[in-house]
Each structure stands twice: as structure tokens, then as C-alpha cells.
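There are 2 protein chains.
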Amino acid sequence: MSASNRRVLLKSRPQGEPTPANFDIVEAPIPEPGEGEYLARTVWLSLDPYMRGRMAEAKGYAANVNLGDPMVGGTVSQVIKSRHPGFKDGDFVADYAGWQSYSVSNGAGAIKLDPQAAPLSAALSVLGMPGMTAWWGLMQIGKPKAGETVVVSAASGAVGSVVGQLAKLHGCRAVGIAGGKEKCDYVVKELGFDACVDYRAAGGNLFKEIRAAAPKGIDVYFENVGGAVQAAVVPQLNDFARVPLCGLISQYNEMQMSPGPDWRLLLIKRATVTGFIVSDHFADMAGFWKEVPPAVKAGRIKYREDIVNGIENAPEAFIGLLKGRNFGKLLVQVSDDPTRR
Amino acid sequence: MSASNRRVLLKSRPQGEPTPANFDIVEAPIPEPGEGEYLARTVWLSLDPYMRGRMAEAKGYAANVNLGDPMVGGTVSQVIKSRHPGFKDGDFVADYAGWQSYSVSNGAGAIKLDPQAAPLSAALSVLGMPGMTAWWGLMQIGKPKAGETVVVSAASGAVGSVVGQLAKLHGCRAVGIAGGKEKCDYVVKELGFDACVDYRAAGGNLFKEIRAAAPKGIDVYFENVGGAVQAAVVPQLNDFARVPLCGLISQYNEMQMSPGPDWRLLLIKRATVTGFIVSDHFADMAGFWKEVPPAVKAGRIKYREDIVNGIENAPEAFIGLLKGRNFGKLLVQVSDDPTRR
Numbered sequence: 001m002s003a004s005n006r007r008v009l010l011k012s013r014p015q016g017e018p019t020p021a022n023f024d025i026v027e028a029p030i031p032e033p034g035e036g037e038y039l040a041r042t043v044w045l046s047l048d049p050y051m052r053g054r055m056a057e058a059k060g061y062a063a064n065v066n067l068g069d070p071m072v073g074g075t076v077s078q079v080i081k082s083r084h085p086g087f088k089d090g091d092f093v094a095d096y097a098g099w100q101s102y103s104v105s106n107g108a109g110a111i112k113l114d115p116q117a118a119p120l121s122a123a124l125s126v127l128g129m130p131g132m133t134a135w136w137g138l139m140q141i142g143k144p145k146a147g148e149t150v151v152v153s154a155a156s157g158a159v160g161s162v163v164g165q166l167a168k169l170h171g172c173r174a175v176g177i178a179g180g181k182e183k184c185d186y187v188v189k190e191l192g193f194d195a196c197v198d199y200r201a202a203g204g205n206l207f208k209e210i211r212a213a214a215p216k217g218i219d220v221y222f223e224n225v226g227g228a229v230q231a232a233v234v235p236q237l238n239d240f241a242r243v244p245l246c247g248l249i250s251q252y253n254e255m256q257m258s259p260g261p262d263w264r265l266l267l268i269k270r271a272t273v274t275g276f277i278v279s280d281h282f283a284d285m286a287g288f289w290k291e292v293p294p295a296v297k298a299g300r301i302k303y304r305e306d307i308v309n310g311i312e313n314a315p316e317a318f319i320g321l322l323k324g325r326n327f328g329k330l331l332v333q334v335s336d337d338p339t340r341r
Numbered sequence: 001m002s003a004s005n006r007r008v009l010l011k012s013r014p015q016g017e018p019t020p021a022n023f024d025i026v027e028a029p030i031p032e033p034g035e036g037e038y039l040a041r042t043v044w045l046s047l048d049p050y051m052r053g054r055m056a057e058a059k060g061y062a063a064n065v066n067l068g069d070p071m072v073g074g075t076v077s078q079v080i081k082s083r084h085p086g087f088k089d090g091d092f093v094a095d096y097a098g099w100q101s102y103s104v105s106n107g108a109g110a111i112k113l114d115p116q117a118a119p120l121s122a123a124l125s126v127l128g129m130p131g132m133t134a135w136w137g138l139m140q141i142g143k144p145k146a147g148e149t150v151v152v153s154a155a156s157g158a159v160g161s162v163v164g165q166l167a168k169l170h171g172c173r174a175v176g177i178a179g180g181k182e183k184c185d186y187v188v189k190e191l192g193f194d195a196c197v198d199y200r201a202a203g204g205n206l207f208k209e210i211r212a213a214a215p216k217g218i219d220v221y222f223e224n225v226g227g228a229v230q231a232a233v234v235p236q237l238n239d240f241a242r243v244p245l246c247g248l249i250s251q252y253n254e255m256q257m258s259p260g261p262d263w264r265l266l267l268i269k270r271a272t273v274t275g276f277i278v279s280d281h282f283a284d285m286a287g288f289w290k291e292v293p294p295a296v297k298a299g300r301i302k303y304r305e306d307i308v309n310g311i312e313n314a315p316e317a318f319i320g321l322l323k324g325r326n327f328g329k330l331l332v333q334v335s336d337d338p339t340r341r
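Line order of the protein sequences matches chains A and G. The opening residue of the first sequence carries number 1 in the numbering used here; numbering runs sequentially from there. The opening residue of the second sequence carries number 1 in the numbering used here; numbering runs sequentially from there.
For reference, chain A alone in the conformation it holds in the complex (with noise of 0.2 Å):
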């Protein structure tokens, strides 16, 4: 650890996909707390893709992060030095701190970790946002019903990894859509996918090999992605399929409007379309706690880690994100986890 707070700021809004010029990296000093505040020194940063958004100018779906201003993003921190009567140094907490190597809180949001429950980062990745997005998703928009089918797009990530689990624990047939033969094998041999199309590989068949995996139609589509992906799916649903609209990351980075499907795909098929954002409901995951932490546990529900060290590493992981480099929850590891040692 340095003796200062290396903060990842916007530095300017992208055009198109980010740049490392896009970011600036500084060095501040350490920050003090004041009465009923403490001091945390981030030991895990996720990296996420609605990030994009709030690096844009246009109205997104929350405050987009101000220029100078450190970016945000959810974290796993340890309380190293407390003025708070509610948590104590050593505790680890799940908060917002952002890119940055320390922070200043006065617990608001916070969250105390047990470190004999779960592994720490699991807090960002299965057990934390991403999971609930994947919960919330299926369970309450895409309904699942067993014996149908359930497709999702990026099925290896954070999100579409549990998706497709849940999947399979609820007696659906899942099918994964993820670029690259490795990423596509994961989810099929590890996470016990049904299928998996590799869009990469697959070219002008997409379509046909969506159909081959989903030779039934698609009862429930789980978006991550949008564009050529959403192209060959959309005409495959079936009467009643329901589409949890979670992300369009082949799209995050376009300047310009690009078209969707055609409404006639939608009417015809009576299909409902709901886009949603985990935030909303954060009060309403009584399901997802009682369902996946135990799941998780039993070791029916995997996950996999994509772990980048030093948090001047971030913008380079993030940009990478974007395309689908990283390989499972992408995660910084800004310092030492003691309970890895």
C-alpha cells in the first residue's frame, strides 16, 4: 500500500469507446475522518458495464459521474480507522467507495461483511449486484417455467453465468450465447449449460445456431448484449416469451441510436420486453437471499473470478470489459485481502 489515495478520475467523456486518456490517475493524500465518519482502504473494486453510462454526458439512469470527479463503482473495503460508533477497525464492509484506494464514509449504504460466510469479493459478483441482477431478472421478469427454454447473452459473465444456473435449477433447458471457445466450454462444462453458441465463431449462422441449441424456440431471452445478438434471437421467441432487458453492452459505446427489432416480431408472438436496473429493487430480494446464498454454498451455483491487480490497472480492465475480454466478474484487487492469505 502507498502512503497516498491513488483515485482513477474521469478525466473526459469518451466518444464512442473509452480511451485510457479518458482517465486521469492521481495520487491525493490520504483522507481523514471526522466524528461518526471512518476510513477504509479498498481491498476489491468491481468493474461493471453500466459504468459506461454514467461516463456519458446524455441522461443516463443515474447521476453520471462529474469530470474531475473520481469514478464510481461498488466496493469491498476494511475499515482501518473508525470514528463510527457502527463499525470498528478491521471490519469489512461492501460500499460505493469508486475507484480509489481510500475513502471516507459515514456508513451510509454500507454493508458489514462476514468473511467466514462467503469469500469477500463473492460480495460483487454472486452474492452482490450482479447476482440479484441475474435473480431478479429471471425469477421476476423472465418467470421461468420448467421444461422451457432460457437463452442469455453473455452467459459466462458475472450475470449471465447465474442466469443460466438458475436456469437449469429450475428445470429449464439453458443455452448460453458468449464469445470465444474457451468462454463457451466454461459454461457448458463447468456451469453445466445445456448449450452455449460461440457468436464469434459463428458468424452469418447465428441464427442457425441459436435454432440448433434452442431447437424448441426461446421461452425466455435474458439480454446483456443487444445488436447481432438480439437480431438472431428476437425472431426465435415463442408465443408468451418473456425478455428481461438487463444490458446492451455491444451497444454502450455507440454514438448513435441503432435499430431494434421490428414490433411485429413482439406482437405476433405476444412477447412482453422489460427493461429493468437491479437498483430498483434492492429492497425487494427477500427470494434472492433465501434462494442463491445457499446455492452458492452447496456449489450448485459456480462462479468465476477475473481478477486485475492495482487499481491504475482499472481503466485498461474496463475498456477491456467492453469487448468482452475479461473472462468471468471482473474485479480489481486495489489491496491485500487478508482472508486470501
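Keep in mind the hints are simulated off the structure, nothing from the lab. Just so you know, not all the hints are guaranteed correct.
What the hints assert, rightly or not - Short, incomplete list of chain A residues facing chain G, as computed with Cβ under 8 Å: (1) Lys11; (2) Arg13; (3) Leu248; (4) Pro259; (5) Trp263; (6) Thr272; (7) Val273.
Unchecked claim - So the derived list for chain A, only partly shown, Cβ under 10 Å to chain G, looks like this: (8) Gly53; (9) Glu223; (10) Cys246; (11) Glu254; (12) Leu267; (13) Gly275; (14) Ile277.
Claimed, not checked - Some chain G residues flagged as far from chain A (calculated, every beta-carbon gap over 12 Å): (15) Lys88; (16) Glu209; (17) Ser335.
Just so it is clear, CB atoms sit at the ideal spot from N, CA and C, and this is done for glycine as well.
Position chain G against the provided structure of chain A, taking the given hints into account.
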């Protein structure tokens, strides 16, 4: 009445817009009812946009019409020769006799009408399929809350007119979109909508004119038309907007898929688009029967009929319907309605 059965058959499948050459008008013998059947003369024939889909070869959501068969359609008929124990001569029924002046039925799907309760033709508009479509889409999918803004396209039509009036009855701001000043005046002055945008006059200002009519954004968009209206409305959806997707009349004649909105617009707003077809829900219309007929009787829901005389004029009227030429529910009067004398 002629002494033969005048029938309109599907002669060929339209490529793009239907033309009179796609139809064959033939005279056939009046059929004889067998035991357990009745012969009825068609009084009213309903012309509806969905019929365009039935003319196509491509798989739609219901069985398409075979070449050489009569066009399908909802009708009000009078029994003139019954050999069915449940129907007697003189009874009026709502049935699906199609585009012909006489039909024989075994009574399946026929509903007896009480001519004292409402005009017979209302069974084909506000008290029939179009009214149920409006009610189901608005109330079950749109779920309007008092104070919200409901926008409906094809606002002067059989469905749209009921949508807006129901929205008003539920305390919403009702904004119509229709083609031409006459229709817009009717929607506002007769039906009591708060505003109506004339999409034909608006041209390139359509987005702005809709914004002016719905200054707080759009909570429910009842979609009947697609195309340019859809493109102008979707970016104005509010957070958690609901879109009952009922029809896309502007696209029915298109041979190619046409692009829909970028799904980023749905994601950011957490909007829900739900395609629906009323016939899936006929068994679940208790709420409709409770709400709509009394409102019609009390004059709180008004309706307008656009009547064409003679079944031989049905093809031209139907072609005009797809271009928005009708003004109100389009009906063909096939034979005398004794209750209207």
C-alpha cells in the same frame, strides 16, 4: 337481399398493399342447415386491421385464410332457419360468419344478442372485440394510475377511442394521435381527450407536438400504428412506462422487417413493451363486462361507426382502413338491421 349467397373470397395474397384484385366476389347458392345447425343472414360485418395478417402466407398469430376461401371476420347475423335447439328464427347472434351474406353454423362460438340492451352493431365495436382490446391492453397491461399520461395512436378508431375515454375515467391525461384535423377535433371535443396530435399535419415536428401535448412525458403508450409515430413516442416514455402493443397498422403492408426503437431507450426507462392479442383473453373479461357496458349506457364512453353498405364494397373499405381512411369503427352493413328501422 338477393336470393344467393354473396361471398368475398381471397383470390391471391397481397404483395404490400392489398388491391381489389386480391379478392373475388362470387354468388353461391344459399346453404341449407343440417340437423343441429342454423342458417343466418349476415347483418353487420366488422372490418379490422388484423385481417391483413390473415391474408398473408407468412405465419401470423392465427390460421391464415386459404386461397379461394371466404375472408374471415366478426359478424352480427340473424337466424332465419334454425334446426338447432338453442337458436330460433329471428334470434340475433354475434358470430364469425366472415365476408358473406349467408352462413350456416352449428352455434359454436356464437353469442346471442339482446337488441334491447344495445344496438346490434355495438357487439362489433365498443361492446365487442375492439372494446375488449382497448380494455385489456389499457387496464391489464397499461395499468394506468390517476395523474399519469396515456398516449394512444389511431385515437379516433374503434380501439383507440375507447382507450382514451377509459384513461380519462381513470383520472389520466389522455393524449390521442390521429390523422387529420377532423379526427383530432372529434377526439378532443366529442370524446373528451385532453389533446390530440395530427400526425399528418405535424410532419417533422411530430416529436415536438407530442411533447407539447404530453409535457410530463408518457407513462402508457397504447400502440396501434408503429412507424414514424412509434419512433416519436418511444424516446418520450417516462421511467417505468408501459406499452401495450396492440397493433402496427402502418407496417402491415410492409414486405420487409422495419426497425424498431433502440432498446437502450427501453432499458434506461425500465419500460415494458407487451404484445397482446385479445382473443387470448376472451375468457378473462369479467372486468370489461363490469366496467364498459355501463359506461357506454351512461354515455361516459362514446363510439362512432363508419358504415359502408353492401358486402361487395368490403374490399375497398378494407383497403381504405389500412390507410386510415375510415373515421370510427368500420362496419359493412350486409343486410337490413330491423332494430334500426
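Against the structure, the hints come out as follows:
no., hint, result
1, Lys11, "24 Å, violated"
2, Arg13, "17 Å, violated"
3, Leu248, "6 Å, holds"
4, Pro259, "3 Å, holds"
5, Trp263, "5 Å, holds"
6, Thr272, "4 Å, holds"
7, Val273, "5 Å, holds"
8, Gly53, "8 Å, holds"
9, Glu223, "7 Å, holds"
10, Cys246, "8 Å, holds"
11, Glu254, "8 Å, holds"
12, Leu267, "4 Å, holds"
13, Gly275, "4 Å, holds"
14, Ile277, "6 Å, holds"
15, Lys88, "38 Å, holds"
16, Glu209, "20 Å, holds"
17, Ser335, "34 Å, holds"
Of the hints listed earlier, those the structure fails to meet are numbers 1, 2, in rising order.
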